[in-house]
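Novice: Below are the chains, spelled out letter by letter.
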Amino acid sequence: MIDSLLHRFDIDPRQFRALLRMALRIDFRSGLFATSRKKKRRGRFPGLWQILLFYGFLGLVLSFAVIEAGDVFLAGTIMMTFVMLAVASSILVEFQSVVIAPEDYHILGHRPISSRTYFSFRLANMLVYVGLIAVSIAFVPVLFFVFWEGFRLLLGVMAILGILGSAVFTSMAIVFVYVNLLRWVHPKKLQRAFSYLQLLLSFIVYGSGMIFSSLFNAGVLSNMHVEHEQWMLALPPTWFSSLMSLTVGGRGWFELASILVGTSITAILIAYAYATMSLEYAGTIARLTESHEKHRGNGRPSRVVSLPMFTRNEARAAALLVRNQFKHDQKFRMSVLAIVPLTALYLIAGLSGGGGLADPFSNPAEHWEKANLLYLALAFFPVLLFASLGRSDSWQASWIFHVTPSDKGRIVLAVKDVLVIFFIIPYLLGLGIVFLFYFDSVQNVLLHVFTLSMLSHLILQVLVMVYPHLPFSRPLRKGERTANIFVGIMVAAIVMFILVNVLSRVIYPSAVATGVTLVVLAVLTLVFERLAAERVRRKTRLLQFGS
Amino acid sequence: MIRVLDLTKRFDDFTAVDHITLTVEPGEILGFLGPNGAGKSTTVKMLTGMMQPTQGTAEIAGYDILRDPQEVKRRIGYIPESGAMYESLTPAEYLDFVASLYHLDPVLAEARFNDLLEIFGILHARDQRLSELSKGMKQKVMISSALLHGPEVLFLDEPLNGLDANAAMVVKELLKKLAAQGKTIFFCSHILEVVERICTRIIVIDRGQQIIAGTAESITRDTDSASFEDAFQRITGVRDVGEMSNDFLAALERV
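Residue numbers (the working numbering), protein chains in the order written: chain A, 1 to 547; chain B, 1001 to 1255.
Chain A with its partners taken away, still in its complex shape (with noise of 0.2 angstroms):
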């Protein structure tokens, strides 16, 4: 049956079957749901469970916000937005390659594959995995829709079928986004484009994400009552929601015109794929490998220009190396672009707290109650950059570290020192510049940010201590650069909320002890540099390519 169906929609199941066994086949063994061959005899597939229980505890956590929430229609819209932010920044942070990344096109392009089996094979595999996530996240909220007041059975049912349809429409939304650019947009162009592409939908999913959690925080959701407006027909969650409205007795003129609204624009946009995008998708594709091709050297060489500070041996091949996949690996650059949106909003979230920040040595608790989203943003921001630079396409490439007399040390710590000059110190300095404004001094602020710097560059440390790696040295595997950002994310909330309120409430009050502390600082960061280079040296020994 799914054969005969599949052959109308002008897809050979043969070789569609095919095409998405052998790329789910790759996922599992070299991607999402990757697990080492020693690991593999132990169980079958250990890294699906892992990822899986990932999204699980995150569904876990969302579940208190669904029973916080006043009624099954609020609750629902909850949990379908956190389903939708979750699928997009999935596709934006690792499945962009589905639509634009031609890297199979020299495996598969003189093989006789018509361009809609291809398209339908690459969004299929797309879809187990956003299907995947979405049921993973709704797991413990549809248990508790069916058991917590009463047995529902009906609208976990519609619970689940509403989760589904949200991870579709989110991903062919965004699929139509990136697609309608591959027609729109010069082939020579398109990689630019779809770094500000990331940028401009990172900005869009990670804001709402933002708007979301601020209202949960707040403790608004048990008070929260909903009026059906026509205006909430615009929002994508409740088209999704209004499913499970639907059994618990909800069926006036809104949750029709939802159902109807989702179901209608969700099936446009697969129409619209059908109709237009497969067909022209092998064409793209082709297309976007020409643009590879055309880059000849025509004229003189150009000098190559050291980055300052970053003038000699290791630290400057380091340097060069760092800037120059950002400039031409579109992966990693995309990877950078998809951090700088969530620093950005948490900056922005800190800095229009009401009534402004106060300065940290007068006002501590005051201070640190309105700036904890902007140190949270200090912490997360050079985790996140640390853990993108350690994989990468070209990640074979790193034979040359081990075959040169270079002292791998000096080149993870040159890295370190790259993020520190070129993204940290930036910060700062922005920061201060802020800071300027709400201080009651000048030299307040100069202490400040030079604190501040002095345990950024200790977490860094930290880092380069616990997880030494040689820059751009290890294969890329999908679903770890989202767990990267949700797990940098914690970790960096615990350890500024440790940090800042040992600073607010033991350190900042006191001159002495402030002055104490920047000593120990200070030393702690000689020593640690030491130590970091000693450890990497050993580390290293062993790192050979490290996968």
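None of these hints come from the bench; they were simulated from the model.
Think of the CB as a built atom: it goes at the ideal place given N, C-alpha and C, for glycine as much as any other residue.
Possibly wrong hints are sitting among the right ones.
[Unchecked claim] Pulled a few chain B residues facing chain A out of the computed Cβ check, cut under 7 angstroms:
no.: 1; residue: 1001
no.: 2; residue: 1070
no.: 3; residue: 1073
no.: 4; residue: 1074
no.: 5; residue: 1078
no.: 6; residue: 1084
no.: 7; residue: 1088
no.: 8; residue: 1090
no.: 9; residue: 1097
no.: 10; residue: 1100
no.: 11; residue: 1103
[To be verified] Within a straight-line C-alpha distance of at most 25 angstroms, the following computed SDA-like cross-link-like pairs (lysine to any residue) qualify:
no.: 12; chain 1: B; residue 1: 1135; chain 2: A; residue 2: 396
no.: 13; chain 1: B; residue 1: 1135; chain 2: A; residue 2: 184
no.: 14; chain 1: B; residue 1: 1135; chain 2: A; residue 2: 434
no.: 15; chain 1: B; residue 1: 1135; chain 2: A; residue 2: 403
no.: 16; chain 1: A; residue 1: 327; chain 2: B; residue 2: 1116
no.: 17; chain 1: B; residue 1: 1177; chain 2: A; residue 2: 475
no.: 18; chain 1: A; residue 1: 327; chain 2: B; residue 2: 1135
no.: 19; chain 1: B; residue 1: 1135; chain 2: B; residue 2: 1146
no.: 20; chain 1: B; residue 1: 1177; chain 2: A; residue 2: 113
no.: 21; chain 1: A; residue 1: 327; chain 2: B; residue 2: 1013
no.: 22; chain 1: B; residue 1: 1172; chain 2: B; residue 2: 1130
no.: 23; chain 1: B; residue 1: 1135; chain 2: A; residue 2: 394
no.: 24; chain 1: A; residue 1: 370; chain 2: A; residue 2: 434
no.: 25; chain 1: B; residue 1: 1183; chain 2: A; residue 2: 113
no.: 26; chain 1: A; residue 1: 539; chain 2: A; residue 2: 317
no.: 27; chain 1: B; residue 1: 1135; chain 2: A; residue 2: 317
no.: 28; chain 1: B; residue 1: 1135; chain 2: A; residue 2: 400
no.: 29; chain 1: B; residue 1: 1135; chain 2: B; residue 2: 1190
no.: 30; chain 1: B; residue 1: 1183; chain 2: A; residue 2: 317
no.: 31; chain 1: B; residue 1: 1172; chain 2: B; residue 2: 1218
no.: 32; chain 1: B; residue 1: 1172; chain 2: A; residue 2: 105
no.: 33; chain 1: B; residue 1: 1135; chain 2: A; residue 2: 23
no.: 34; chain 1: B; residue 1: 1135; chain 2: A; residue 2: 26
no.: 35; chain 1: B; residue 1: 1135; chain 2: A; residue 2: 370
no.: 36; chain 1: B; residue 1: 1135; chain 2: A; residue 2: 397
no.: 37; chain 1: B; residue 1: 1135; chain 2: A; residue 2: 323
no.: 38; chain 1: B; residue 1: 1183; chain 2: A; residue 2: 107
no.: 39; chain 1: B; residue 1: 1176; chain 2: B; residue 2: 1161
no.: 40; chain 1: B; residue 1: 1183; chain 2: B; residue 2: 1130
Using the hints provided, position chain B relative to the given structure of chain A.
Specialist: Using the frame of chain A, we list chain B on its own:
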């Protein structure tokens, strides 16, 4: 059979392939030579349907590459220079996957690829991941994948890459026998000795243009060269290799 007419590929103001016209008859092994960046791979990509020509067209096994690309792809086997394969798969899984794309009967395909792997002496590695195999072993899998569906026309871009001497001899002999069976073979390589030995005809291109065509002997004779190697050097305008190597050493000694 391959018929190429006025095939051209431009990237903005750069012309990679410039009005190439050629014919390769069934049973022929055409050596397609040229220095790096001459346009060989771009030509092959257009002929295998991976890249659209800017101008001109080609007919492969009776089908036009622009009008019937799928029919062309069904009838060709291609070994790309990059050797790109899905490295997380095992040889058996990869070959089974390729067989499915050509709608081969799974039982027949398995028997066929097991035979091919055994002939190449890598049957023991059929269930190891490709990423764990040596370059030569991967190349053997790649060659097997190109031949599995019995293509009428073969496009081979450096097919001997990484092969050990014995396997290379087997492949060279195999190509001759395939040609004797009436297959059309388009052979790109930088190993002039191999091209000279197995190709029935040779075309040399440079900067996207066809420079000369003929047998190795006729090209050597027509260019008044002592050997085919000398002829190639002369045709493609390379400076004296002794002089070049001296310049190279001088560059390395710069202080």
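Novice: Does each hint hold? Answer for all of them.
Specialist: Quick rundown of the hints versus the structure:
Hint on residue 1001/B is violated. Least Cβ distance to chain A is approximately 18 angstroms, over the 7 angstroms limit. For residue 1070/B, the suggested interface contact is upheld, since its CB lies about 5 angstroms from the closest CB of chain A, less than 7 angstroms. Nearest Cβ of chain A to the Cβ of residue 1073/B: about 4 angstroms, under the 7 angstroms cut. The hint holds. Hint status for residue 1074/B: holds, given a least beta-carbon distance of 4 angstroms to chain A, under 7 angstroms.
A distance limit of 7 angstroms between C-beta atoms decides the matter here; for residue 1078/B the minimum to chain A is near 5 angstroms, and the interface restraint holds. Look at residue 1084/B: its Cβ gets to within about 4 angstroms of chain A, closer than 7 angstroms, so that hint holds up. Annotation: interface hint on residue 1088/B holds; nearest CB of chain A at approximately 4 angstroms, less than 7 angstroms. For residue 1090/B, the suggested interface contact is broken, since its CB lies about 10 angstroms from the closest CB of chain A, more than 7 angstroms.
Nearest Cβ of chain A to the Cβ of residue 1097/B: about 5 angstroms, under the 7 angstroms cut. The hint holds. This hint holds: residue 1100/B has a C-beta 3 angstroms from the nearest C-beta of chain A, less than the 7 angstroms allowed. For residue 1103/B, the interface hint holds, since its Cβ comes within 7 angstroms of a Cβ in chain A; the closest pair sits about 6 angstroms apart. For the given pair, residue 1135/B sits about 14 angstroms from residue 396/A by alpha-carbon distance, which is consistent with the 25 angstroms threshold.
Using a Cα cut-off of 25 angstroms, the hinted pair residue 1135/B and residue 184/A is violated, with the two alpha carbons roughly 40 angstroms apart. Proposed proximity of residue 1135/B and residue 434/A is contradicted: the alpha carbons are some 57 angstroms apart, above 25 angstroms. For the hint pairing residue 1135/B with residue 403/A, the CA-to-CA distance comes to about 19 angstroms; that is within 25 angstroms, so the pair holds. A threshold of 25 angstroms between alpha carbons decides the hint, and for residue 327/A with residue 1116/B the separation of about 44 angstroms lies outside it, so the pair is violated.
Distance hint between residue 1177/B and residue 475/A is unfulfilled; the C-alpha atoms sit about 41 angstroms from each other, more than 25 angstroms. As the CA atoms of residue 327/A and residue 1135/B are separated by approximately 30 angstroms, the hinted pair breaks the 25 angstroms bound. Distance restraint check for residue 1135/B and residue 1146/B: the Cα-Cα separation of roughly 17 angstroms lies within the 25 angstroms cut-off, and the hinted pair is therefore satisfied. At most 25 angstroms may separate the alpha-carbon atoms for a hinted pair to count; residue 1177/B and residue 113/A exceed this at roughly 29 angstroms.
Of the supplied pair hints, the one linking residue 327/A and residue 1013/B holds, its CA atoms being roughly 24 angstroms apart against a limit of 25 angstroms. In summary, the hint linking residue 1172/B to residue 1130/B is supported, as the alpha carbons are separated by about 24 angstroms, within the 25 angstroms threshold. Pair hint residue 1135/B plus residue 394/A holds up; C-alpha atoms about 17 angstroms apart against a cutoff of 25 angstroms. This hinted pair checks out: residue 370/A and residue 434/A have alpha carbons roughly 14 angstroms apart, not beyond 25 angstroms.
Simply put, residue 1183/B and residue 113/A have alpha-carbon atoms about 23 angstroms apart, close enough for the 25 angstroms limit, and the pair holds. Taking the CA atoms of residue 539/A and residue 317/A, the gap is near 20 angstroms; set against the 25 angstroms cutoff, the hint holds. The straight-line distance between the Cα atoms of residue 1135/B and residue 317/A is roughly 29 angstroms, outside the 25 angstroms bound, and the hint therefore fails. Between the alpha carbons of residue 1135/B and residue 400/A the distance comes to roughly 18 angstroms, so the proposed pair stays at or under 25 angstroms and holds.
Between residue 1135/B and residue 1190/B the alpha-carbon distance is near 18 angstroms, which keeps this suggested pair within the 25 angstroms criterion. A distance of roughly 51 angstroms separates the Cα atoms of residue 1183/B and residue 317/A; the hinted pair therefore is violated under the 25 angstroms criterion. Pair hint residue 1172/B plus residue 1218/B holds up; C-alpha atoms about 22 angstroms apart against a cutoff of 25 angstroms. For the hint pairing residue 1172/B with residue 105/A, the CA-to-CA distance comes to about 28 angstroms; that exceeds 25 angstroms, so the pair is violated.
Between the alpha carbons of residue 1135/B and residue 23/A the distance comes to roughly 23 angstroms, so the proposed pair stays at or under 25 angstroms and holds. Under the criterion of a C-alpha separation no larger than 25 angstroms, the hint pairing residue 1135/B with residue 26/A is consistent with the structure, at around 20 angstroms. With a C-alpha separation of about 59 angstroms, the suggested pair residue 1135/B and residue 370/A falls outside the 25 angstroms cut-off, and the hint is violated. At roughly 16 angstroms between alpha-carbon atoms, residue 1135/B and residue 397/A fall within 25 angstroms of each other, so this suggested pair holds.
At roughly 31 angstroms between alpha-carbon atoms, residue 1135/B and residue 323/A are farther apart than 25 angstroms, so this suggested pair is violated. Between residue 1183/B and residue 107/A, the direct Cα distance comes to roughly 23 angstroms. Compliance with the 25 angstroms bound is thereby established for this hinted pair. Pair hint residue 1176/B plus residue 1161/B holds up; C-alpha atoms about 18 angstroms apart against a cutoff of 25 angstroms. At roughly 29 angstroms between alpha-carbon atoms, residue 1183/B and residue 1130/B are farther apart than 25 angstroms, so this suggested pair is violated.
Consistency with the previously given hints fails for numbers 1, 8, 13, 14, 16, 17, 18, 20, 27, 30, 32, 35, 37 and 40, ordered from lowest to highest.
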